[in-house]
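2 protein chains.
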Amino acid sequence: MLMQRCFSRSFSTILPRAPLSKQILKSEPTAELLERLCFFKKTQSGIFHMLPAGMKTIDKFTSIIHNKLQKNNDASLVSLSSLSPKSLWDATDRWNNSELFKLKDSKKNEYCLVATCEEDITELMKNYITSYKDMPALVYQVGKKYRDELRPRSGLLRAREFIMMDAYSFASDEKDATKMFEDVNKTFLEIFQELKIPVVRASADSGDIGGDQSIEYHLPLVGGESTILSCNHNGCNHVATDEKALSYPVEEGQYTGDVSVKYGLSEDHTTLICYYFPKERQINWNLAKLSVDDDIDCSLRDSSNQEIIDLFQNENEDMMFTKVLRVMDSRINSRSNFPDFPLKNYLKNNFGQIDGVSIVTAIGGEICGQCNEGNLESTKSIEVAHTFNLGTKYSNPLALKFMDQDNNSDRLVKMGCYGIGVTRVIASIAELTRDAHGLRWPVSIAPWGISIVSMPQGKNSETDKNYSKVVSLFKGTDSKLNIDVMTNINKTASLGTNISLSHSMGIPLTIIVGNKSWPNVEIEVRGERWGNVDNCKWEEMYPQLKEAYQWEVKKASPTDPYQEKHIVSHEHVTHVVNLLLQDL
Amino acid sequence: MLMQRCFSRSFSTILPRAPLSKQILKSEPTAELLERLCFFKKTQSGIFHMLPAGMKTIDKFTSIIHNKLQKNNDASLVSLSSLSPKSLWDATDRWNNSELFKLKDSKKNEYCLVATCEEDITELMKNYITSYKDMPALVYQVGKKYRDELRPRSGLLRAREFIMMDAYSFASDEKDATKMFEDVNKTFLEIFQELKIPVVRASADSGDIGGDQSIEYHLPLVGGESTILSCNHNGCNHVATDEKALSYPVEEGQYTGDVSVKYGLSEDHTTLICYYFPKERQINWNLAKLSVDDDIDCSLRDSSNQEIIDLFQNENEDMMFTKVLRVMDSRINSRSNFPDFPLKNYLKNNFGQIDGVSIVTAIGGEICGQCNEGNLESTKSIEVAHTFNLGTKYSNPLALKFMDQDNNSDRLVKMGCYGIGVTRVIASIAELTRDAHGLRWPVSIAPWGISIVSMPQGKNSETDKNYSKVVSLFKGTDSKLNIDVMTNINKTASLGTNISLSHSMGIPLTIIVGNKSWPNVEIEVRGERWGNVDNCKWEEMYPQLKEAYQWEVKKASPTDPYQEKHIVSHEHVTHVVNLLLQDL
Numbered sequence: 001m002l003m004q005r006c007f008s009r010s011f012s013t014i015l016p017r018a019p020l021s022k023q024i025l026k027s028e029p030t031a032e033l034l035e036r037l038c039f040f041k042k043t044q045s046g047i048f049h050m051l052p053a054g055m056k057t058i059d060k061f062t063s064i065i066h067n068k069l070q071k072n073n074d075a076s077l078v079s080l081s082s083l084s085p086k087s088l089w090d091a092t093d094r095w096n097n098s099e100l101f102k103l104k105d106s107k108k109n110e111y112c113l114v115a116t117c118e119e120d121i122t123e124l125m126k127n128y129i130t131s132y133k134d135m136p137a138l139v140y141q142v143g144k145k146y147r148d149e150l151r152p153r154s155g156l157l158r159a160r161e162f163i164m165m166d167a168y169s170f171a172s173d174e175k176d177a178t179k180m181f182e183d184v185n186k187t188f189l190e191i192f193q194e195l196k197i198p199v200v201r202a203s204a205d206s207g208d209i210g211g212d213q214s215i216e217y218h219l220p221l222v223g224g225e226s227t228i229l230s231c232n233h234n235g236c237n238h239v240a241t242d243e244k245a246l247s248y249p250v251e252e253g254q255y256t257g258d259v260s261v262k263y264g265l266s267e268d269h270t271t272l273i274c275y276y277f278p279k280e281r282q283i284n285w286n287l288a289k290l291s292v293d294d295d296i297d298c299s300l301r302d303s304s305n306q307e308i309i310d311l312f313q314n315e316n317e318d319m320m321f322t323k324v325l326r327v328m329d330s331r332i333n334s335r336s337n338f339p340d341f342p343l344k345n346y347l348k349n350n351f352g353q354i355d356g357v358s359i360v361t362a363i364g365g366e367i368c369g370q371c372n373e374g375n376l377e378s379t380k381s382i383e384v385a386h387t388f389n390l391g392t393k394y395s396n397p398l399a400l401k402f403m404d405q406d407n408n409s410d411r412l413v414k415m416g417c418y419g420i421g422v423t424r425v426i427a428s429i430a431e432l433t434r435d436a437h438g439l440r441w442p443v444s445i446a447p448w449g450i451s452i453v454s455m456p457q458g459k460n461s462e463t464d465k466n467y468s469k470v471v472s473l474f475k476g477t478d479s480k481l482n483i484d485v486m487t488n489i490n491k492t493a494s495l496g497t498n499i500s501l502s503h504s505m506g507i508p509l510t511i512i513v514g515n516k517s518w519p520n521v522e523i524e525v526r527g528e529r530w531g532n533v534d535n536c537k538w539e540e541m542y543p544q545l546k547e548a549y550q551w552e553v554k555k556a557s558p559t560d561p562y563q564e565k566h567i568v569s570h571e572h573v574t575h576v577v578n579l580l581l582q583d584l
Numbered sequence: 001m002l003m004q005r006c007f008s009r010s011f012s013t014i015l016p017r018a019p020l021s022k023q024i025l026k027s028e029p030t031a032e033l034l035e036r037l038c039f040f041k042k043t044q045s046g047i048f049h050m051l052p053a054g055m056k057t058i059d060k061f062t063s064i065i066h067n068k069l070q071k072n073n074d075a076s077l078v079s080l081s082s083l084s085p086k087s088l089w090d091a092t093d094r095w096n097n098s099e100l101f102k103l104k105d106s107k108k109n110e111y112c113l114v115a116t117c118e119e120d121i122t123e124l125m126k127n128y129i130t131s132y133k134d135m136p137a138l139v140y141q142v143g144k145k146y147r148d149e150l151r152p153r154s155g156l157l158r159a160r161e162f163i164m165m166d167a168y169s170f171a172s173d174e175k176d177a178t179k180m181f182e183d184v185n186k187t188f189l190e191i192f193q194e195l196k197i198p199v200v201r202a203s204a205d206s207g208d209i210g211g212d213q214s215i216e217y218h219l220p221l222v223g224g225e226s227t228i229l230s231c232n233h234n235g236c237n238h239v240a241t242d243e244k245a246l247s248y249p250v251e252e253g254q255y256t257g258d259v260s261v262k263y264g265l266s267e268d269h270t271t272l273i274c275y276y277f278p279k280e281r282q283i284n285w286n287l288a289k290l291s292v293d294d295d296i297d298c299s300l301r302d303s304s305n306q307e308i309i310d311l312f313q314n315e316n317e318d319m320m321f322t323k324v325l326r327v328m329d330s331r332i333n334s335r336s337n338f339p340d341f342p343l344k345n346y347l348k349n350n351f352g353q354i355d356g357v358s359i360v361t362a363i364g365g366e367i368c369g370q371c372n373e374g375n376l377e378s379t380k381s382i383e384v385a386h387t388f389n390l391g392t393k394y395s396n397p398l399a400l401k402f403m404d405q406d407n408n409s410d411r412l413v414k415m416g417c418y419g420i421g422v423t424r425v426i427a428s429i430a431e432l433t434r435d436a437h438g439l440r441w442p443v444s445i446a447p448w449g450i451s452i453v454s455m456p457q458g459k460n461s462e463t464d465k466n467y468s469k470v471v472s473l474f475k476g477t478d479s480k481l482n483i484d485v486m487t488n489i490n491k492t493a494s495l496g497t498n499i500s501l502s503h504s505m506g507i508p509l510t511i512i513v514g515n516k517s518w519p520n521v522e523i524e525v526r527g528e529r530w531g532n533v534d535n536c537k538w539e540e541m542y543p544q545l546k547e548a549y550q551w552e553v554k555k556a557s558p559t560d561p562y563q564e565k566h567i568v569s570h571e572h573v574t575h576v577v578n579l580l581l582q583d584l
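Going down the list, the protein sequences come from chains A and B.
Going by the numbering used here, the first sequence opens with residue 1, and the numbers climb by one from there.
Going by the numbering used here, the second sequence opens with residue 1, and the numbers climb by one from there.
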């Protein structure tokens, strides 16, 4: 939905009225803080209304996404229906997903509310992709998605209705598909760089979505529900999710404690696979699968050991032809304390063994499996975006085919898909940047770039006049500044209340028009400085401003590192604000 | 979702490739034409994907809505959840609506997909409206709505998933509520004026939504499914929907044919109401209800005459205390041919009669019931927007209360609601303006304001150079023009194909860079001129251009009134384009 960015209205109806207490600002979970500060309002578990301040933040973020994807990747914007027919999901065998919201219309047709749109976009593009000449192509949308999570939590971080950007690429061969995958990932990095948040790319498992190659974007955050592992070796610096990361112990075979076993069956069910690993560690199925060259029936992943043994014995009445494959995690050794082997009748001759592999979830401190040199560091994080090089996982069952240069008409399109959790990114940034005074938005997505505050109108005509003068500098049609401006958030409250509201809502700059300081105004810096503020010599950086204003930076306390304030003549205020915003 | 307007990309993947045949352009229904021209794609009955050209059109229209509502009415933008809980709809007694899409989550909670948001917004605003000081306030959103129509038809004109702008007003008293209602209606008119389409306001029935005052916005259109009646008397000019319009026959009591009767019961069910009217006319329940001062049980509206007679006799065993009220439409007289009266035992004394009222749906040619002077004219139309002055219909059951100036804390908020069918407006405009060459968008919502076409690149280096020069005039960063620019729609097709595609997609101006005409270019005017082009003296209007270019206007045929073409030096092309666009 298009909106002109500079259009600044007060939105006075749905805004916080009174400052939040220190206690609330300090210890309220971020989801509740966002609600009290009128960004979002929870209506049901995992379901939210977006309020004006939240809408502005979302609009600014999606604007960055639109511009980057269209400019860098010539992406075509669409908006697919939210109602996706069951038949498409049957074709890709994804209908039996308990997290899909499902419904029937009055004619008993079945639909789900879209959780993701691989099926719909593949079906749609059959109308527009028929020849190799129609590719490569990138199509995307930004809109509501639905996932019936059993345990929604942390507000917009794990919601049942949320806003997502999902893009889909189409290429005629592997090379173009990989190029497109790389190009879109480059754009994703640029998008997050524009937000000035420290997002990390991690090699990831492609899970239910599918494909060979997958990259996740993580925001490091204490208390995040994901874990990423990064190698500290300079030539490597590999980062992977804990579902994907491969690590080896600093020294192999040193574990002498209890050993756990997890059973599996080969795809043809004639081989029992026994994974042995330290009891204190978790098996990593991606690694476990790799260790046997993928020859494992993955549908049994969640079955218990006993269920697998029973299945193995039932399906193989004659134990003479069965095999047993033992996979030994490299951490254990023969002196480790192994569990009993459950089968009675078997041939020792049919036992195989794989040694020296790593099949457990990586932990910090171990050796990086990528370079075999560095040590891994483990970091808690939130996943904010995910990209997949899909291959033909969707084009095959849904028959998205094209004619190639040699007139072969049944070539399958190679697809990729790319998602950014828009509301999740916003909730993560709130979580990451909040401090004892409230939220602290990067200026690129702050609901308002600046707020101009003063005492309530009508108390002092001189101050009223000065206030109007400063407001008009930013809001006037002459103003060339592309900043959203908030005036007093609560028109009838005191100056102190409005400063406090501006700070807690996370508006990067608060401009205070007081009656004593005039003709100077005070600019309070709330936003986080991404430049090196400690060594910042304003007079040297901007000699033309030397005469115009004094400046001071003071650190109040370790929990409140920056309480930066600039005092500047109102005549130069727009210039100084522009300079400050560049770094916020 | 925010997007910068001038950002012009080719969106080349999802665009028409080949010109449509004359036959298709002439006789294909508009819904199919929009699909062939890649604006929307139907996926299921009444369900559509929005494609790039459609998205651009929607974005431009919603941009106008955002700007007008925020600037004129200080409206706050929100986005409510699409999942609305059953409990809210139970409270207002609207859950039993067969057109609601309903679903359950994994915990068996029931929701509907929002068809309209009176319930949700009323519940939400309880958090932000507590005092008379918090009002008046206007809150709005633009987003997808859902209605499980049994018979979706005419593409986006009657869809099951569609885009709507819905606004809600909150006021502390009747006076403010009416002022707000009028203010928003004023803005609606401005919005449609910006589209340069001839929208008509009609007094309307408030139906299921509720409230006392209601205005519909209609686009007159042959083949529209609505009917509006307008008075031709200059002092009156009253317009009403056929559900609301009151008309009288030119002369009363002239109808001598067969008379129809429709029965009703008074609210206490002790009076049988018999409506008599000409058999050839339709009863209008709004007028029928008014004629008995609203003392009628409306829930019986759809019952047959026999059902009502049975009910009347069952509930009133002693016919001595019942009454019969005959309501005579003013068109009939005593010589008309009345049906038999079905009751045997009744007291003649208990018969009452109302004469001289009009209880049938108005038709063109009759006398306007508003002024009693003019004649009504009947026009087919499409409803594109609707506004309601709701009173306390939703604030009462959902307890949206406030404290007034005298500290009374249980005052009910007076609400209004306002809807514009965004996708419906776009489909209507397509229907209204299309001609033998395809679509003709007003420039305010055209997906692209201009298209610049030439022969395919690489055939003539001189032409390529000239083409790039013209494109850069419009796309360059120096360009101050706020126009979305399309280049060759099909990059590999001929000049003729691209002119035809540009025309059929309804792009207002096509700029042709040919190799013969250079240094002049040709500007073909496709858009409808809303000024008086026949008398337009370009040389007089724009003397500064007199030297710069020649012009010609030619009428090709009655079905193709304007085939206007301007030949102009490329140096002046941006200037001329700007002048032309003002009138399109």
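Careful, some of the hints might be misleading.
Which copy is meant is left open, so a pair is good if it fits within one copy or across any two.
[As the list claims (entries may be wrong)] No more than 16 Å apart at the CA atoms, straight line, and that leaves these computed lysine to aspartate or glutamate pairs for EDC-like:
id	residue 1	residue 2
1	516	366
2	102	293
3	126	35
4	380	435
5	491	134
6	86	176
7	516	310
8	469	243
9	108	149
10	26	315
11	380	242
12	401	110
13	68	373
14	459	28
15	175	294
16	401	243
17	475	406
18	380	190
19	104	149
20	107	149
21	71	105
22	491	74
23	86	294
24	516	377
Source of the hints: derived by calculation from the structure; they are not laboratory data.
My question is about residue 380 and residue 242: at a cut-off of 16 Å on alpha-carbon distance, are they close within one copy, between copies, both, or neither? within (10 Å within a copy, 65 Å between copies)
Between residue 108 and residue 149, at a C-alpha cutoff of 16 Å, which is it: within one copy, between copies, both, or neither? Result: close only across copies, 13 Å inter versus 25 Å intra.
Give the relationship of residue 26 and residue 315 under a CA distance limit of 16 Å: within one copy only, between copies only, both, or neither. neither (60 Å within a copy, 67 Å between copies)
Intra- versus inter-subunit Cα pairing at 16 Å for residue 104 with residue 149: So residue 104 and residue 149 pass the 16 Å test across copies only (13 Å; inside, 20 Å).
Could you place residue 86 and residue 176 in one of the four classes (within, between, both, neither) given a Cα distance threshold of 16 Å? neither (31 Å within a copy, 49 Å between copies)
State whether the alpha carbon distance between residue 126 and residue 35 is at most 16 Å within one copy, between copies, both, or neither. Classified as between; 14 Å across copies, 43 Å inside a copy.
Which holds for residue 401 with residue 110 at a C-alpha limit of 16 Å: within a copy, between copies, both or neither? neither (27 Å within a copy, 41 Å between copies)
Give the relationship of residue 516 and residue 366 under a CA distance limit of 16 Å: within one copy only, between copies only, both, or neither. neither (61 Å within a copy, 73 Å between copies)
Evaluate residue 516 and residue 310 at a C-alpha cut-off of 16 Å and name the case that applies: within, between, both or neither. neither (85 Å within a copy, 84 Å between copies)
What label fits residue 475 with residue 406 when the C-alpha limit is 16 Å: within, between, both, or neither? Neither: 61 Å inside a copy, 37 Å across copies.
My question is about residue 469 and residue 243: at a cut-off of 16 Å on alpha-carbon distance, are they close within one copy, between copies, both, or neither? Answer is neither; intra-copy 57 Å and inter-copy 53 Å both fail.
Give the relationship of residue 516 and residue 377 under a CA distance limit of 16 Å: within one copy only, between copies only, both, or neither. Answer is neither: 53 Å inside a copy and 68 Å across each miss the 16 Å cutoff.
Going down the numbered hints, you'll see the structure goes against 1, 2, 4, 6, 7, 8, 10, 12, 13, 14, 15, 16, 17, 18, 21, 23, 24, while the others check out.
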